[in-house]
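Given these sequences and hints, build the entire structure.
Residue numbers (this note's numbering), protein chains in the order written: chain A, 1 to 245; chain B, 1001 to 1248.
Read the hints as simulated data drawn from the structure, not as lab findings. Some clues are possibly wrong.
[Claimed, not checked] When the alpha-carbon atoms are kept at most 30 Å apart in a straight line, the in silico DSS-like pairs for lysine-lysine are as follows:
| hint | chain 1 | residue 1 | chain 2 | residue 2 |
| --- | --- | --- | --- | --- |
| 1 | B | K1096 | A | K240 |
| 2 | B | K1106 | A | K239 |
| 3 | A | K144 | B | K1015 |
| 4 | A | K245 | B | K1015 |
So you can see what is in the structure, the chains are spelled out below.
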Amino acid sequence: MNRFNLLPVLFVALILGLWELFVRILAVPVFILPPPSCILTVALVRAPQILPHAAITLTEILLGIGLALCTAIPLAIIMFARPSLEKAFAPFLVASQAIPVFALAPLLVVWLGYGIASKVFMAWIIIFFPICISLLEGFKSCDKEYRVLFRLMGAPFFKTLILLYWPWALPRFFAGLKLGVTVATIGAVIGEWVGAQQGLGFLMIQSNARLQVDLVFAAILWLTAMGLALWWLVGVLEKKIIKWK
Amino acid sequence: MLKVSCVTKYFKDQKIFSNLDLTVDRGRFHVIVGPSGCGKSTLFDGLTGVTPLDGGSISWNHESLLNLRYHAAYMQQKDMLLPWFSLLNNALLPAKTSGQDMKKAKKQAQSLFSRLGLKGYESHYARQVSGGMRQRCALVRTLMFNRELILLDEPLSALDAITRRSLQSLLLLLQTEFGKTILMITHDIEEALVLADEIYLFSKKPMSLSRHYVLDSPKPRKFNDPILLNIKADVLDKLEGDLMNEQV
Ligand SMILES: Nc1ncnc2c1ncn2[C@@H]1O[C@H](COP(=O)(O)OP(=O)(O)O)[C@@H](O)[C@H]1O
Ligand SMILES: [Mg+2]
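What follows is the structure, given as structure tokens:
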């Protein structure tokens, strides 16, 4: 392990140590703020109870990511190919970001029900924008000289897209996807808070009402782990695909 | 025969060149020399339709054309290899984009690779090979356009002197072995002297023809040929004179 990996680990360890110390010295009750050691224990011991919920939330997130990829990539390509359409779509895209997802969540539950559909939709709204915009910016960042080369070769748009623009945009696309997968958890959990019968967000609300704060934290821990794992997975995928860097 | 007459180009109000004439007979190797910034690349961009010209006419083999986009292979100043493709796939780009028979194209590219000294490097990436090899690869890519007329914009300017010498003999192959008609820009007078059948010397602001030399000594040539040395002296004289005038 090199120094760059060590530093954040040390930092996290320091924070957790202080937290543990603070709770123990002041004898804070567990239903207010449990110490990290207790949270970890609960997260592991009660995994059989937590994991089915985590699986639901993960499914929602993955479906949201899939839906976002299926829609953001074509839209980015369309907007890139037809700048007039970009001008037409841009206000809606920005507006979709200006609406607070919290405000939308209750409506989505009313429209799409208590099942996973409303959560998938929430995750989709959140991830769509960073993927679409980063890909579009990636396409646009392509050097003029290379565009000229392809024009000189008589390449039609679609071939230029596949051979030039797409690989050119990949680093930015992955940056957007990384951002997307980490915030996707927010969308899914908010959806579950508003109305659900399962999922980590539902577990958090339920435990909170019963003053099982340690379980709330355990759910947060699993959620964080899921977000980190997704982020890491995208990073691995990026390294695999962008071999030329 | 390439015939360019009275071409004119402005950038806004700045006149880059006007009423410029050039001819290159089929199978000949003509070289353009001129001070940097005089408009040589702009001329090539105009000829190939990368930027629009503001006047003049272009014809290739007596066919009058708007530009040479579909008739010439244009190799720009940089090698422009794509980092995500192997050297071979970079060379195959013209075939891929124009929907040629890939099997045939691959065969052609492979034989060009061995002819230009790239055998064994087909699957290397651009960042893994030297500048000279990258330029050879760009040259193969240019040949893969399969066009008789080739425009080269300072193809060797990014290379060190020794690599440049060895690549100069490859450029000569384009003419002698592949039968191409070549118009090349260079800032290296010696390079022009060993390769050219005719040299156009341009001056700047606006770009205009100041000397035209016809060189008929056989190739490959030696630098110490007295005829070449005479021409070199004349070119340097002219360039120096322009420089003095500019400073006055
Ligand atoms: N796109 C452009 N817009 C405005 N001026 C340009 C543009 N491209 C080149 N020029 C100008 O045209 C002149 C000739 O440039 P260039 O053809 O690149 O010269 P050379 O290739 O002979 O070194 C330069 O003065 C340059 O500043
Ligand atoms: Mg130039």
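Here is what the structure says about each hint:
1. B:K1096 / A:K240: This hinted pair holds, its Cα atoms lying about 24 Å apart.
2. B:K1106 / A:K239: Status holds; Cα separation ~29 Å.
3. A:K144 / B:K1015: 23 Å, holds
4. A:K245 / B:K1015: This hinted pair is violated, its Cα atoms lying about 42 Å apart.
The structure fails hint 4 only (numbered hints given earlier).
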